[in-house]
Amino acid sequence: MDADQILNGLNEPQRAAVTYGGDYLLVVAGAGSGKTRVLTTRISYLIATGVLLPREVLAITFTNKAAKEMRERLAKMLGAAAHSMWISTFHSACVRILRAEHEALGMRSTFTIYDQADSQRMMKQVLAEENIDSKTYTPKAMAFRVSDLKNEMIQPEEFAASATSKDDVILARAYTAYQNRLRAANAFDFDDLIMQAVLLFRRHPQIAEKYRRRLRHVLVDEYQDTNVAQYQLVRALIGEDRDPLHGKLTVVGDADQSIYAFRGATMRNIQDFEHDFPRAATIVLEQNYRSTQNILSAANAVISHNEGRRAKNLWTDSGAGELLTGYVADSEREEASFVADEIDALRDRCGYRYKDVAVFYRTNAQSRAIEDMLVRAGIPYRVVGGTKFYDRKEIKDALAYLHAIVNPDDAVAIRRIINEPRRGIGDKAEGALTAHARRWQISLGVAIADAAHPDLALGEGRGAVEGLTPRAAKAVTEFGQLLEELREQAAVGAPPAEVIEAMLEKSGYLQMLSTSHDPQDEGRLENLAQLSSVAAEFSLSTPDGTLADFLDDVALVSDTDQIPDPQAAAEGEVVLMTVHTAKGLEFPVVFVTGMEDGIFPHLRAMENLDEMAEERRLAYVALTRARQRLYITWAASRSQWGAPHEQISSRFLQEIPQAVIDWRRDEADVARRSLFDGDRWGGSSSWGRRTGGSAAGSYGRRASKWSDDGDFAPAFGAGTGRGSRSGASSGFVPGKLGGGSVPREQSASSKAQPSFVTSVTDGRSQSTASVDTGDGRLGFAVGDAVAHKSFGQGTILGFEGSGKSTVASVKFASGATKRLMLRVAPLEKL
DNA sequence: CCCCAAGCTTTTTTT
DNA sequence: AAGCTTGGGG
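In terms of the numbering used here, the first sequence is numbered consecutively and its last residue is 830.
It should be emphasised that the hints constitute simulated quantities derived from the structure, not laboratory data. Keep in mind it's a predicted model, so treat the numbers as computed, not measured. One should not assume that every hint holds.
[Unchecked claim] Taking lysine-lysine and the BS3-like style, the derived pairs with C-alpha atoms no more than 25 Å apart in a straight line are:
#: 1; residue 1: 248; residue 2: 210
#: 2; residue 1: 65; residue 2: 76
#: 3; residue 1: 428; residue 2: 396
#: 4; residue 1: 124; residue 2: 68
#: 5; residue 1: 124; residue 2: 135
#: 6; residue 1: 396; residue 2: 65
#: 7; residue 1: 140; residue 2: 506
#: 8; residue 1: 124; residue 2: 396
#: 9; residue 1: 388; residue 2: 124
#: 10; residue 1: 68; residue 2: 388
#: 11; residue 1: 506; residue 2: 124
#: 12; residue 1: 124; residue 2: 428
#: 13; residue 1: 393; residue 2: 506
#: 14; residue 1: 388; residue 2: 428
#: 15; residue 1: 76; residue 2: 124
Let's have the full structure, built from the sequences with the hints guiding it.
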């Protein structure tokens, strides 16, 4: 593609941004103004005109998905050259740098990346060790504060020197100890990835220069969400302006969409850009190509209530469009029911498909009610984010095994799995190992090896591990040997999926789950099967990828990376997500739910002006995701912590000019609901078996809670509260109706029968045979009708992988297509 | 050392 | 409501 073609179809300011020839450029890009397009086009243009070589580009995006999309767009414009560009997130880029330069930091290249949960676990250990009271100073809060410090590039020594208050002195102690432990575990936490990369460049100017020489032009998307550490990283990569070798920098962002202050992002970076880079040019994009004027008017009105912002007015020439639709529901269930009905109507009457629709909420917990209702309505949906796949216990356990294999010093991982499944290594044995490790200044992993091979320890001049009972010693030895065997396997280059399989077998984890009577364990098996197929998929796309590479990949996935590709399926599915996750996305139809004070804006932000301003920006982000139709809903009563609360409408709703809203229902019958809506599950309020009686406890609590609010107090009487809930639950199984799933009792009882267990065992024994035949398909073929224990009947669409990792895609009667690892999935041929 | 039951916190948003 | 920690008994 030549330069003229590349510029085709750009408006004036866009074109100016793309062709700008100076060193530093800030593009202030309002929502939907084509910023991603400007970014990709600018890269193409600079390359097509010979200003820049592909390998000199570093483009930083917010998510891996955005990086992938950008690379695809560039490949369309530039062809193969797109592959030599460096396009990634801050975190991925830093991992790459840190792996390459680990020696300069005194780390081993096999370092582990700790996620938030790992950090908190480690902080908990640190607090215990430092005798810091973890009731007053919770691991969570401490880990959070350490994260803040790292995002601001404040080092432990530095912070310790400046700490004066008691709390800060304690925090300084914890931070120092935490950081030492991380290092001993050969691990970085999320914030370290950035901070250590900056420190690396600071302490080793020649390394910084190496990258600076190569990366001549850095482009940063979503610049308003960068934090101090990320800013310094960019500065380090660009170098000093007076240095003739300095790189060029293009940043794109919109201060009105800055929504990550809670993780250290600072709008200062975008606001002070011209000050930081004195010769910088600024180009503002205000023409919006996404939404109708009514949607923009609503969004503009809301954001205009924030003070001290650079005035900006989004406009469109695409016309007013539909009015926004407003709806006041009586309860969150009814709100969800409105959403479900409306989705059906949009499909029937307006020709929208499921994938055109997105439902947003402020907090993940709100998805529950909506999911329940969509299931009942038979509407296919996908929840993006929330309790992530990788946060599930069994997945974290499996990953901990893998981390322990790759990085023998990873104490958090080893502690997690040392007795999972139960192998007789309890607190006492673990304590003995820890004591041994501390005494000889070695890691927990080495201590385990010492126990397994006392001769080896003696060879190093250490004594034997003391304080282990013979029984525990045997267990530790076996555990150590297990890790060694798996390490061996990984070392000779076995693909990740194979290591996972072997690990699940040899550790007894699979055994534990498949013989368990806990109904949840069936799902856990499926999740592990899915992990294995994710690994198999990874090997397909990255044939040379090692187990360590796979773990990096997994550590850095983000919620948005899981959003279904709109091209993929004809109908697709409705997507549900938080507003944060929705940033950067757009949908023809958007429902913004829970527009209530205390929810959105969130309660925790109500007392602080800065946080309120951020909530307002969040609302702005939510509204500007919609292309054609925008729904805003709220519920007059919403259950939280298991009890209903009266709600009032969000202040943001009142900031929208009422002329652009068509209120489908503008008032809730609060009094009526207060009397009758005692139950949030199963719609029992309409058939109510209300026995009253047992509600005394909760009644008392609520009466006192609301007594300041005189209006509501009298509305409560016998019949509200939990009595009705227990009454209803005896005759009604909430959720999971329709959608082709098996009713709960049935799946639970069939679980108790040996059939499931044998199907797993069968799978395993046959798979041994399948190694001989090589296909691993266990007698299944494309087109076969099959039955699954929890998904019902379906048809096999195809296979992926081979041998033990063979995965079948099965389309089920519910419409869902699942990928199942044949060896463990409870799948039967019909 | 393991299991179970009772009690306690939890919900802001995430790379 | 649900998941997790804590404490007592086996």
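A quick look at each hint next to the structure:
Between residue 248 and residue 210 the CA atoms are separated by roughly 15 Å; this keeps the pair inside 25 Å, and the hint holds. Simply put, residue 65 and residue 76 have alpha-carbon atoms about 17 Å apart, close enough for the 25 Å limit, and the pair holds. Restraint check for residue 428 and residue 396: satisfied, since their Cα atoms lie roughly 24 Å apart, inside the 25 Å limit. With a CA separation close to 37 Å, the supplied pair residue 124 and residue 68 exceeds the 25 Å bound.
Restraint check: the Cα-Cα separation between residue 124 and residue 135 comes to about 11 Å, which is no more than 25 Å; the hinted pair holds. The straight-line distance between the Cα atoms of residue 396 and residue 65 is roughly 23 Å, inside the 25 Å bound, and the hint therefore holds. Of the supplied pair hints, the one linking residue 140 and residue 506 is violated, its CA atoms being roughly 34 Å apart against a limit of 25 Å. Proximity of residue 124 to residue 396 is assessed by CA-CA distance (about 18 Å); at most 25 Å being required, the pair is judged to hold.
With a C-alpha separation of about 22 Å, the suggested pair residue 388 and residue 124 falls inside the 25 Å cut-off, and the hint holds. Of the supplied pair hints, the one linking residue 68 and residue 388 holds, its CA atoms being roughly 21 Å apart against a limit of 25 Å. Annotation: proposed proximity of residue 506 to residue 124 is violated, straight-line Cα distance about 30 Å (limit 25 Å). The hinted pair formed by residue 124 and residue 428 meets the criterion: a straight-line CA distance of about 18 Å does not exceed 25 Å.
Between residue 393 and residue 506, the direct Cα distance comes to roughly 19 Å. Compliance with the 25 Å bound is thereby established for this hinted pair. Pair hint residue 388 plus residue 428 does not hold up; C-alpha atoms about 33 Å apart against a cutoff of 25 Å. The straight-line distance between the Cα atoms of residue 76 and residue 124 is roughly 49 Å, outside the 25 Å bound, and the hint therefore fails.
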